[in-house]
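Asks: Each chain is listed here by its residues.
Number of protein chains: 2
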Amino acid sequence: MQKDKLTVLTNPKLTEAAAVIEKALAQRETLIVAGKCSVRYTGRAKSTLEPGERMLIIKEDGSLLVHRPVGYEPVNWQPSGSVFHVQAKADAIEVHAVRQKPRENVRVTFTNVFMVSALSLTDSGEFALYASEQDMHRAILLKPSLLEEGFKPISYEKKVEPGFVDVYGVDKEGRLVVVEVKRKTAGKDAVLQLARYIDAIKVKADRELRGVLVAPSLGKDVQRLLVTLGLEFKALDPKKCAKVLKRTEVTKLEKFFEQ
Amino acid sequence: MQKDKLTVLTNPKLTEAAAVIEKALAQRETLIVAGKCSVRYTGRAKSTLEPGERMLIIKEDGSLLVHRPVGYEPVNWQPSGSVFHVQAKADAIEVHAVRQKPRENVRVTFTNVFMVSALSLTDSGEFALYASEQDMHRAILLKPSLLEEGFKPISYEKKVEPGFVDVYGVDKEGRLVVVEVKRKTAGKDAVLQLARYIDAIKVKADRELRGVLVAPSLGKDVQRLLVTLGLEFKALDPKKCAKVLKRTEVTKLEKFFEQ
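Top line first, the protein sequences correspond to chains W and P.
Here the working numbering is used: position 47 in the first sequence is 48, and no number is missing along the way.
Here the working numbering is used: position 28 in the second sequence is 29, and no number is missing along the way.
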């Protein structure tokens, strides 16, 4: 059988809908079913979802999502690697996804189908995440372990004689930490800039002081200069920061930026 | 205008598709658009997604998802609360979602639409998560901070003279911790059971020993018995455990259970 680009049935009979679902799963197409369904999950825990009108999405890799009409999170989901069974009964269609390791089992039972759609989608477009230097500051504030375990930020973009310190905090031993962030390979300029901040703060500091240069990588011969000046380097990729920012729970972030 | 239960167009012209999209957004229906699109996001970070064939889902509360044909996670998403703008150009439709606090901006540009579907879904079905006692053990093993910060599990369902200890570990001060888990309100039986384990282990233990009863709540007069026997209580809801189990990254869990 050749893959059709698109099959759509609206308000089909259950037997017709079941046939489209079976074909889509067999041909590894992307399947969308909208209708009235209930869901049972057993596996790492157990859950039940009472009947209601929702969307079931099964992708070509076998990942499964059940979406209610509100909320960005799926109510049920399963990563790829399921085996599917479809059973058409007189008054319902059961779509059963079984996954091994860990054993997980999702059973979606439709009593009414408004729409069933099977799509053959081609997508090789690259996804690129980008974080600015300021985004990197915010990522470190939200997840200080990006710098090191036990780091506690005190302030950021703090005014200090020659300019602004990117991030300023205390390490787990109580020492002050001055952080200079670069989103590209850090050169000697960045090291000298950090050294100037350290010199300015040293005068007033009542305790030990550390300077850490954060960047995806160090330029040629920069490591030597760092060591000479008693400074440190921490490799951090802007993409990692972008992921942290995007994934941190929304409410948490909103609370943070409201402060 | 009355809400239609279902509108579906297959291979529509861009102007036709744009009209359905606009109407669905205005009437707060659930919208599904399948087609060739690119995506730009600016907000907490920035991202670009090159052209490819995907699904855009916008729910009635304004939450937005862009799903590629593989993977259970959306490539782009936005929680509820966006304002939408739709622009139909000669060769593309732009769907623009703008969110305040934090300022976020998703722009999905379709150059080709295979299917557009607007659905009016009614869903008030209750979602119930359930964790067994064994599920609660596993949740504590996966996220020991559910018990307390610094707790390190050593083993679980460990055979000890009178039966099996649910979870067994060490606290941040190096003391042994014996954990008895109940998924419902814990009664005196549970306390006496924990006390028996403690007595059995005390004989062999070379260091201080703590007994912690974990349950959603304590029965009447049980607190007094606990205190008399020198034991502790930690409130833990099975639903919270179920969420931990379901949300813990899949790879992490798989690695854990393979060990």
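Simulated from the structure, these hints should not be mistaken for lab results.
Keep in mind the model is a prediction, meaning the values are calculated, not measured.
Heads up, some of the hints might be wrong.
Chain copies aren't distinguished; within one or between two, either way the pair holds.
Derived DSBU-like pairs (lysine-lysine); straight-line CA-CA distance at most 35 Å [as the list claims (entries may be wrong)]:
1. K205 with K90
2. K102 with K6
3. K14 with K47
4. K90 with K185
5. K14 with K185
Asks: Pop the pair K102 and K6 into one bin, within, between, both or neither, using alpha-carbon distances up to 35 Å.
Replies: For K102 and K6, the Cα distance is within 35 Å only inside one copy (33 Å; across copies 40 Å).
Asks: Up to 35 Å between alpha-carbons, please classify K14 paired with K47: within, between, both or neither.
Replies: within (31 Å within a copy, 45 Å between copies)
Asks: Please work out whether the CA atoms of K90 and K185 approach to 35 Å or closer within one copy, between two copies, in both situations, or in neither?
Replies: neither (60 Å within a copy, 37 Å between copies)
Asks: As a check of your reading, is K205 near K90 (CA-CA no more than 35 Å) within one copy, between copies, both or neither?
Replies: Neither way: K205 and K90 sit 78 Å apart in one copy and 60 Å across, limit 35 Å.
Asks: If the cutoff is 35 Å on CA atoms, where do K14 and K185 land: within, between, both or neither? Let me know, please.
Replies: neither (58 Å within a copy, 44 Å between copies)
Hint check: violations occur at hints 1, 4, 5; the rest are consistent with the structure.
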